[in-house]
Amino acid sequence: MSVSRRKFLAWMGGAGLSTAVGRKAFAASNKHFEGYPDSFGVLHDTTLCVGCRSCEAACNKVNDLPQPEKSFTDLKVLDEKRRTDAAAYTVVNKYESVKKPGLPLFRKIQCNHCLEPACASACFVKAFTKTKEGAVVYDASVCVGCRYCMVACPFNIPAYEYDKVLDPRVVKCTLCHPRLLEGKLPGCVEVCPAEALTFGKREDLLALARERIRKHPDRYVHHIYGEKEMGGTSWLYITGESFEQVGMREDLGITPAPNLTAGALAVVPMVAGLWPLFLTGAYAMSRRKEKIAAEEQAGAVANAIAETNDAAEKKLAQALEKAKKEKEAAIQKEVKKALEEAVKAQEADKEEDA
Amino acid sequence: MHDVIYTLQDFMLHTKNITYILMGVGLVAYVAFWNFLTGKDDDHEAAGKEE
Amino acid sequence: MSQDAVKTKFFPPDRSFYTPVNMVVGCIMAVGLLFTVLRFTGGLSMVTNLDDNYPWGLWIGFDLMAGVALAAGGYTTSAACYLFGMKRFHSAVRPAILTAFLGYALVVVSLHYDVGRPWRLPYPLFWSQGTTSLLFEVGLCVALYLTVLFLEYSVTALEWLGLKKLRHIIHRLTLVLTIFGVILSTLHQSSLGALFIIAPSKLHPLWYSQYLAVYFFISSMFAGLSMVIFEGSLSHKYFHDKMDDTYLGEHDGVVLGFAKGASFIMFAYLVIKVIGIAMDNTWHYLGSGYGMWFLVEMLGFVALPGFLYAVAVRDRNFGLIRKAALITVLGIVLNRLNVCLIAFNWYLPLEDRYFPHIGEIGLTIFMVTIGVVAFKFIVTRMPIFYEHPDYKESH
Ligand code: SF4
Ligand code: SF4
Ligand code: SF4
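Chains as they are written, first to last, in this note's numbering: chain A, 106 to 459; chain B, 577 to 627; chain C, 4 to 398.
So here's chain A without its partners, still in its complex pose (with noise of 0.2 Å):
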């Protein structure tokens, strides 16, 4: 055990403390996000891991898991490449040393803890929460098993219960948060013989491991990985050797994972705001382009009438004047036919006279 009992309690007293404080002066700001104060965390020193299997077998035994196949003093289950799955939430890996061939590294790998986990990003009922402590905790009872969660963990951590029927979990390392609020260590921590993981602060645990690149430049690489990457994680690593080497992957990026979705989250109240204004304008201006185009053809249609009508009318008119004309000349042709019947008739009688 790295720590003793009695400042632990401290810490944890401590903890609630600084919570207390740290609502002032975190009140005012909004942008920035810092985590919380004082959480917890683990630091995974790969130099010092001998590759026991005894945190697998503790974190079994503390977490009621079932027993596997292969017993945890099985040393042979070392050679092949694992990864936490329903019935381990934590399991050690070997890798071969490239600084001295044929020496062996080993890494234990279980939930980072994320200070911004991308599980509880993605989850879509808010199953898994970042607790003040550190850890970040899964709640089953909400779970739909959708496993979102593990499409967006950039760890690849959190395991699924395939065949369940009917209450199929999403499993991964808890950092033992029940232990932590009863004031006990994580099972794993506990049981490591080699000094290798050592519980506390997240700042603590950054100072010390600082310093122990500090002493030691020769011996470790000159990083911590989990300070920064994807936002930061609780559980911390320093190695001898790259990263890379022991099966951790270096391009994931620095950026925490409700930053990578804020951009495609900011768009949709926009859509949802905008699209009515933009789709009801593309309506109205193609009622109005319809209605436009009827008032113009109903305008021709009108046009076309009333210019029938003006022809008709002329035509009509003429007419008229032609039956006048006609009638007048009948009428003439009729005054002249009396006239000259009757200058006739009275020649007639003169004749009749003489």
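Just so you know, these hints were derived from the structure itself, not from any lab.
Incorrect hints may have been included.
Covered stretches of chain B (in silico footprint by chain A; criterion: 3 or more residues with CB under 8 Å from a CB of chain A, positions within the stretch not fixed) [unchecked claim]:
| hint | stretch |
| --- | --- |
| 1 | 581-595 |
| 2 | 599-612 |
Below are the DSBU-like pairs computed for lysine-lysine, each with C-alpha atoms no more than 35 Å apart in a straight line [claimed, not checked]:
| hint | chain 1 | residue 1 | chain 2 | residue 2 |
| --- | --- | --- | --- | --- |
| 3 | A | K441 | A | K419 |
| 4 | C | K379 | C | K240 |
| 5 | C | K167 | A | K394 |
| 6 | C | K168 | A | K396 |
Even for Gly, the Cβ is constructed at its ideal location relative to N, Cα and C.
Fit chains B and C with the ligands to the supplied structure of chain A, relying on the hints for placement.
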């Protein structure tokens, strides 16, 4: 919910909760306001035609 | 026209039930039911190859991702017709809405198989809202959009049932429903892509981009349009007797218009895809094996069909349009599978990679078959390809 927000995750949870509610309100308000805005169009059009 | 006249015009007497096609469908249904029983008695591990590295498999990659993209015909067609004033597409709206409604309904059914505790699917909406998740956004929009599609489709069913009053009430909502449908579609089509924005370390850099959401949205447009063309050409073959003169008369115009639209959108898609590569400076990956595969997707399944569409539209070559539509549909499926499965976890050694279980494949075929059967059931009974004579004037 904590009075003070320590993580970006919790901050986003808080703001997105509100945003989603506002989106719902906004969408309903859109329909209502459009109806208000165009509510008398038909009357005026009908009147315009009579003149 | 009376009810009887409608019947004799559009519904010739039924043929025999025991056709070869029906037998095959029957077999698929039987196998599907068997796998269903296995899934809900033996758990996911019984019928899937999902593991801790591949929490999402064929059901998400195909049923959800490709299914939703291909059901985009609903919002694109109704938006073109009702919002952008392209009234000449009117007869294409109903088949598109029906396809979309069935597509989304099956997506939701298939999600019940995929999630661990399906009875909790309403939780994100009603119980514990994880609003920071893009999956929350997808879930919310899919649930709402399924409702919208149901209402849009219900007009048809109500005509069939003869419930005039209710039909008129819903019919009057057409505009609001259409606008709402486009908003919801924009949101969830894009958010399906945005689901992967949280995992830059897992998705191959050629497919990962901060524009994933835009890519998914834009590609859903030409996916939807192509699906309408594709579905139309199949329907033409099998349901010709159910189509009225308006549908048949407008059909060529719809095909040409949609092909032209799809082609131009695909052009735009290529442009923004190249810009995405430039933004992330991932040019050098193009030379790798994954780069080749990326180019196959981009050139063979986007650029090629887009160009074929263009040529076909210029020459009024309807056969070529149909071929282009088929390639586009396949291309969308390929793209969604690439993002979700093939380019996902690309760094894992081959033996850790995922290949779907026979149960996953079987149930996926089962879902598609249900969709086709339901489509057939509905178009042979309800006014989809023809207008119900009682409602001819009411739109
Ligand atoms: S390591 Fe993975 S599972 Fe653990 S807190 Fe981070 S994102 Fe979540
Ligand atoms: S599987 Fe459960 S915990 Fe994981 S994201 Fe889905 S609902 Fe949340
Ligand atoms: S902290 Fe607890 S749960 Fe996590 S690996 Fe250690 S013993 Fe297991």
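Status of each hint after checking the structure:
1. As drawn, the stretch 581-595 of chain B meets chain A at 11 residues by the rule of a beta-carbon pair under 8 Å; at three or more, the given contact holds.
2. Counting residues of the stretch 599-612 of chain B whose beta-carbon sits less than 8 Å from any beta-carbon of chain A gives 5, enough to reach three: the coverage restraint holds.
3. A C-alpha spacing of about 32 Å is found between A/K441 and A/K419, which places the hinted pair at or below 35 Å, so the restraint holds.
4. Taking the CA atoms of C/K379 and C/K240, the gap is about 13 Å. The hint holds against a cut of 35 Å.
5. Restraint check for C/K167 and A/K394: satisfied, since their Cα atoms lie roughly 31 Å apart, inside the 35 Å limit.
6. Proposed proximity of C/K168 and A/K396 is supported: the alpha carbons are some 29 Å apart, at most 35 Å.
The structure meets every hint from the earlier list without exception.
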